[in-house]
Each structure stands twice: as structure tokens, then as C-alpha cells.
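If you read the sequences in order, they're chains D and R. Counting along the first sequence from 1, when you hit position 72 you're at 72 in UniProt numbering, and nothing is skipped either side. Counting along the second sequence from 1, when you hit position 99 you're at 99 in UniProt numbering, and nothing is skipped either side.
Some hints here could point you the wrong way.
[Claimed, not checked] Straight line, CA to CA, 27 angstroms or less: simulated DSS-like cross-link-like pairs of lysine-lysine:
| hint | chain 1 | residue 1 | chain 2 | residue 2 |
| --- | --- | --- | --- | --- |
| 1 | R | Lys97 | D | Lys131 |
| 2 | D | Lys260 | D | Lys288 |
| 3 | D | Lys260 | R | Lys268 |
| 4 | D | Lys128 | D | Lys117 |
| 5 | D | Lys74 | D | Lys117 |
| 6 | R | Lys47 | D | Lys117 |
| 7 | D | Lys100 | R | Lys47 |
| 8 | D | Lys117 | R | Lys97 |
| 9 | D | Lys260 | R | Lys80 |
| 10 | D | Lys74 | D | Lys39 |
| 11 | R | Lys265 | D | Lys260 |
| 12 | D | Lys260 | R | Lys261 |
| 13 | R | Lys47 | D | Lys74 |
| 14 | D | Lys34 | D | Lys74 |
| 15 | R | Lys80 | R | Lys91 |
| 16 | R | Lys238 | R | Lys91 |
| 17 | R | Lys80 | R | Lys235 |
| 18 | R | Lys47 | R | Lys235 |
Note that these hints are calculated values from the structure, not bench results. Small disclaimer: the values here were computed from a predicted structure and weren't measured.
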Amino acid sequence: MSLQSALGQLATYRSQNTRASQDIFEKGSLVLQKNGLKKMGDNSWAFLEQLTLAAIDVGRLDVADQCLQSLTDKFPGSPRVDCIRGIRVEATEPPEVALKYYGELLEADSANAAIWKRRISILRRTGKIDKAVTELSQYLDTFYTDVEGWLELADMYATCGQYDYSLQALMHVLLLAPQNPFHVLQAAETAYTAGDLPLSVKMFLTVVDMTDGDDSDSLAESAPRGITVRAWYGVKLCARRIARDARLATISPSSTPPPKHNNTLDELATERLRVAYSSSGQKGEIAKGREEVFTWVAAP
Amino acid sequence: MSSQVHMSLYLDPQIRDWVLFPITLVMILVGVFRHYVVILLQSTAKKLSRAGIREQRALARSQILRATSANSPIPALYYKAISQNLSEAFKSGTYLKDGPPKGDSASSARNPLSDPAAMDGMMAGMKTQMVMMVPQMVIMGWINFFFQGFVLIKLPFPLTLGFKSMLQRGIETPDMDVRWVSSLSWYFLNFFGLNGLYRLILGGDNSADSSRDMTMSPFAAMGTAQPGQPQDFAKLFKAECDNLEFAEGLYAWAGDEMDLKILRKYGKLPPNSVDD
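With the hints as extra help, turn the sequences into a complete structure.
Given below as C-alpha cells:
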């Protein structure tokens with residue numbers, strides 16, 4: 001592989017924030033061997049940061065230490081380098097040491113978001129979920145626009161079975177990134193798990209609305225794909241449960257009105273799922289498990 | 001009288017070598033020098049404390065909520081909860097950096113001169129101003145003192161009489177051709193015209209060009225909301241409460257009629273059927 005293509009690939013990884021650590025490490029070592037550092041100019045520092053993180057990831061701490069050393073020499077006292085050093089500490093030292101290190105940094109600059117997040121991640125990793133949740137709520141109260149932070153909070157609540165709180169956190173995610181259907185899908189599934197069927201079915205339908213085509217004439221012929229299929233599964237699940245027990249439609253902590261025409265919705269979802277598993281997909285072959293899905297959707 | 005007579009002046013080449021080029025060179029060098037002095041003087045942006053950031057960003061939260069309120073991605077219960085929470089927090093001043101206001105202290109608009117943080121910002125503006133003003137004044141004095149009344153150069157193209165005051169400052173001869181440029185005017189031409197050259201030498205956002213700074217005063221920035229400038233957040237928060245209430249009136253959940261919409265989209269319901 002030539003140096004040029006390796007550099008190009010690494011730059012792509014950097015811009016897309018991809019965590020392909022093994023690949024980055026191999027290509028990065030190649031660049032170091034061929035002395036490509038000087039060719040990069042100012043980019044070399046971003047590359048060193050990337051290589052350090054990848055090296056820590058694949059366990060080559062000797063390489064990571066070298067990179068970290070040259071970064072420290074170039075930028076003494078930089079908060080970004082401090083954060084990488086913290087990650088390096090986390091790799092080998094016990095979590096208490098890392099916590100202490102982060103605590104000292106936060107003492108000096110209480111508004112360092114990256115360090116704060118690292119500390120929360122350690123808290124969660126070591127099982128102090130309650131403390132992590134408190135810290136993360138505080139963090140989000142300060143840095144409200146951090147979508148990943150809200151998703152993490154929702155995830156933490158969900159792992160504890162607190163689906164209502166999880167849903168609340170997801171609502172903030174929806175406010176911050178209303179264009180992302182995956183977040184809506186997650187909220188819909190959380191609402192389903194929390195037992196709020198009317199809300200759930202409407203959010204699943206929102207996902208369908210966001211992800212199917214805009215051309216309403218050809219919609220009935222075209223097969224749903226990807227995330228839309230999953231949303232139709234959700235609709236089918238909700239509609240079936242409501243059809244079995246109509247009382248479920250009235251139980252809604254969010255006081256969402258029950259869906260109208262539930263039976264038609266059920267039929268539509270069944271039909272869409274059948275179409276999804278009958279038509280040939282992008283690879284030109286019919287999806288596996290067609291029989292199972294057909295039996296499942298036909299079951300009352 | 002003599003405008004028709006082609007009267008030609010002969011300029012001593014020494015003027016070119018010892019006046020025209022030095023003035024230009026000095027001005028370029030001063031601009032470059034100024035660029036680096038400004039970089040030196042730039043104080044690093046002061047770090048905000050956690051509470052400070054929270055105060056500054058609190059308004060963004062309600063703005064995000066309001067931005068989509070007419071077609072909100074979240075259902076009514078959650079919307080109202082968030083909206084009311086924010087509104088109460090704004091009213092009671094939870095987000096204020098120094099905590100909720102105590103007792104009867106009328107929220108006095110703080111005097112910016114008494115706030116050290118604001119003073120810093122103003123001083124930085126004054127410093128760059130000084131770096132700009134002082135050398136320009138010195139150069140102008142230098143030109144006025146040594147080269148007053150010098151004619152430096154003849155422009156290679158004709159100009160109308162209107163340019164006389166621009167090009168022949170410091171020479172009070174009504175009859176001279178407009179194409180002749182005086183020393184002081186050459187200074188001003190450089191003063192306003194060197195920006196392009198600086199951009200070539202120093203890159204896009206250099207601080208060498210001084211003519212740009214002429215238009216702004218260190219106090220001009222105070223009226224506008226500049227990051228780091230003090231704002232009366234207590235007042236801003238109060239105003240935001242009204243906005244929140246207004247947005248709540250406009251609120252509608254995007255998913256409200258989604259079941260009917262999807263059924264219509266897939267042709268299961270007639271397009272404009274009135275649902276029962």
C-alpha cells in the first residue's frame with residue numbers, strides 16, 4: 001500500500017470519526033515507518049492523536065506512549081492532550097487513579113466537557129450508575145445540546161428498567177435532532193417497553209412517515225426497506241396487542257389518544273411486512289425467514 | 001489658464017528613491033509589525049466557569065424547544081413538562097450564575113466599568129487601537145515634517161478635477177494637473193490601499209490593515225451582544241418566559257394525526273375523509 005492512499009484513508013477515518021482501530025494502527029505504523037509525518041504538516045498532530053487512541057485500543061501501549069510524548073512536547077498543558085493522557089491512564093491503571101486524575105483536571109477547569117464525560121464513563125463502567133446518572137444530568141444541564149449525552153442517559157435509565165425516565169431523556173434527543181428517524185424509533189421502542197402503546201404506535205408511524213418515499217402513488221407497490229421494516233414490525237406489535245385487549249389503548253401515561261382505525265392499521269402493517277419479505281431486495285434475492293414472518297403476521 | 005498648455009514637470013529621481021519608496025516601504029513594514037504586535041497582545045479568551053456556561057446556554061434550551069413548537073417532535077405531556085420547567089427556572093433565576101436573586105435587591109444593571117471581566121474586554125480593544133493609532137500618527141508626522149509639499153509621482157492615467165483634494169493634499173496649487181500626487185496623499189492612498197498586499201503577505205484575517213479599525217471604536221462593541229460581554233441574564237430570562245408561553249399556544253405534536261395520515265398515504269382511507 002502506498003503512503004498516499006494510507007494517508008487518504010486515515011484522513012477519511014478522522015473526518016468521519018470512525019473507530020477502525022486495527023486498520024488505523026496498521027496504516028499509522030506504515031506512515032511512521034515511511035517517515036510520512038513531515039509530509040502532513042499541521043495535520044500530523046491530528047494524525048498522532050488518532051494513532052494514539054487507536055494504539056491504546058489495540059493494546060500497543062508502547063506506540064501510544066511515543067505518540068503521546070510527542071504530542072505533550074508540542075502542546076504542553078493542552079486540555080485535548082490531557083484528555084488523551086487520561087485515556088492512556090485508564091488503559092492500565094485502576095479506575096480510581098483515573099478518577100483522581102480527572103478530578104484534578106476538573107478542579108482546575110470545571111467546564112472541561114471532554115474530561116467531564118470521561119469521568120462519567122468511568123463511573124458507569126465501574127458500576128456506580130447512580131453517581132453516573134447524577135453527574136450526567138448535571139453535565140446535560142450545563143451542556144444541553146449534547147445529543148450523545150442524552151442518548152447515554154436514556155441508555156443508563158433503560159438498563160435500570162426506568163423506561164419512563166429513559167423516554168424523557170429521549171424526548172430531549174428528539175428536540176435536539178428531530179430529523180433523525182433512528183432516535184424516533186428508539187423512543188417508540190422505549191415507549192412500547194414502558195407500556196405506552198398509543199404513544200408507541202404513533203411514533204412508529206412517524207418513523208414510517210419519515211423513512212418511506214415521498215411519492216405516495218408508488219408507495220403501495222414499493223417494498224419497505226431498512227429501518228422502515230422495523231417500524232412496521234413495531235406498528236404490527238402495537239396494533240395486535242391493542243386488538244387483543246382494547247383496554248391497552250386507553251392506558252397511556254402520556255395521555256395520548258388511542259389510534260383510530262386500529263384494525264386497518266393492523267392490516268396495513270401485515271400487508272407491508274408481507275411485501276417486505278416477498279420482494280427482492282437490493283441484492284436481488286428474497287429475504288430469509290419468509291415463512292416464519294408470514295406465520296407470525298398471520299397469527300391472531 | 002494653463003490647463004491647455006502642456007506643462008511638464010520633471011521630477012528628480014532622488015525623490016522617487018528617497019521619498020516615494022521609503023514611505024511605501026515603511027507603511028508596509030509597519031502593517032506587518034502591527035499584525036504581530038496585535039497577535040502578541042491578544043489575551044487568551046477567559047475560561048468561563050461551569051455556572052457561567054450554564055447561564056449562557058440556558059436560553060438556547062428554550063430556543064430549541066420553541067423552534068419546533070408548531071410541529072413538535074414530542075408529545076404534549078413532555079412538551080408541557082419541559083416548557084413549564086424551563087419557565088419556572090427562568091422566573092426563579094435557577095440558571096443565573098450567582099444563584100437566584102436574594103431579597104429585594106432590585107436587579108440593577110451592572111455597571112460594566114465595575115465588572116473586571118468587562119474591563120478586560122474593553123482594555124483589549126483599546127490596546128489594539130493604540131497599536132494602530134500611534135504608528136500611523138508617527139508616520140503622518142514624519143511625512144508632514146520632512147516631505148511637506150513634495151510631489152512624488154505622476155499617475156499614468158487622466159483624472160477629473162474632483163480628485164484634486166484627494167491626490168494633492170498639502171499642495172495648494174489650483175492649476176496643477178490632477179495626475180500629480182503629493183506626499184501626504186500618497187500616504188493616504190497607501191493607508192487605504194495596502195490591505196490587498198497584506199492579505200497576500202500575512203493571509204486572510206490579518207490585523208495589519210489599519211483603515212478598517214478607523215470605523216470602530218472600543219466602545220462600539222458594547223451595545224451589541226458580544227461573547228464575553230456582560231448581559232443582564234435576569235432580564236433576558238424574564239423575556240424568554242413570555243416567548244415560551246407564546247410557543248406553547250402554537251404547540252402541536254407532529255405525530256398527533258399520524259395514524260390517519262399514514263392510512264391515507266397508503267390509500268386505506270379516502271384522501272380527505274372526515275374521521276369519526
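Hint check:
1. R/Lys97 to D/Lys131: Holds - the C-alpha atoms of D/Lys131 and R/Lys97 are around 24 angstroms apart, at most 27 angstroms.
2. D/Lys260 to D/Lys288: violated (33 angstroms)
3. D/Lys260 to R/Lys268: Roughly 13 angstroms between the alpha carbons, so the hint for D/Lys260 and R/Lys268 holds.
4. D/Lys128 to D/Lys117: holds (14 angstroms)
5. D/Lys74 to D/Lys117: holds (25 angstroms)
6. R/Lys47 to D/Lys117: holds (18 angstroms)
7. D/Lys100 to R/Lys47: Within the cut-off at roughly 22 angstroms; holds.
8. D/Lys117 to R/Lys97: OK: D/Lys117 and R/Lys97 at ~22 angstroms, within 27 angstroms.
9. D/Lys260 to R/Lys80: Within the cut-off at roughly 24 angstroms; holds.
10. D/Lys74 to D/Lys39: Satisfied, since the Cα-Cα distance of roughly 17 angstroms is no more than 27 angstroms.
11. R/Lys265 to D/Lys260: At roughly 15 angstroms apart (the allowed maximum being 27 angstroms), D/Lys260 and R/Lys265 satisfy the hint.
12. D/Lys260 to R/Lys261: holds (11 angstroms)
13. R/Lys47 to D/Lys74: holds (22 angstroms)
14. D/Lys34 to D/Lys74: holds (21 angstroms)
15. R/Lys80 to R/Lys91: holds (16 angstroms)
16. R/Lys238 to R/Lys91: holds (6 angstroms)
17. R/Lys80 to R/Lys235: Holds, because 23 angstroms separates the two Cα atoms, which is no more than 27 angstroms.
18. R/Lys47 to R/Lys235: holds (24 angstroms)
Consistency note: the structure conflicts with earlier hint 2 alone.
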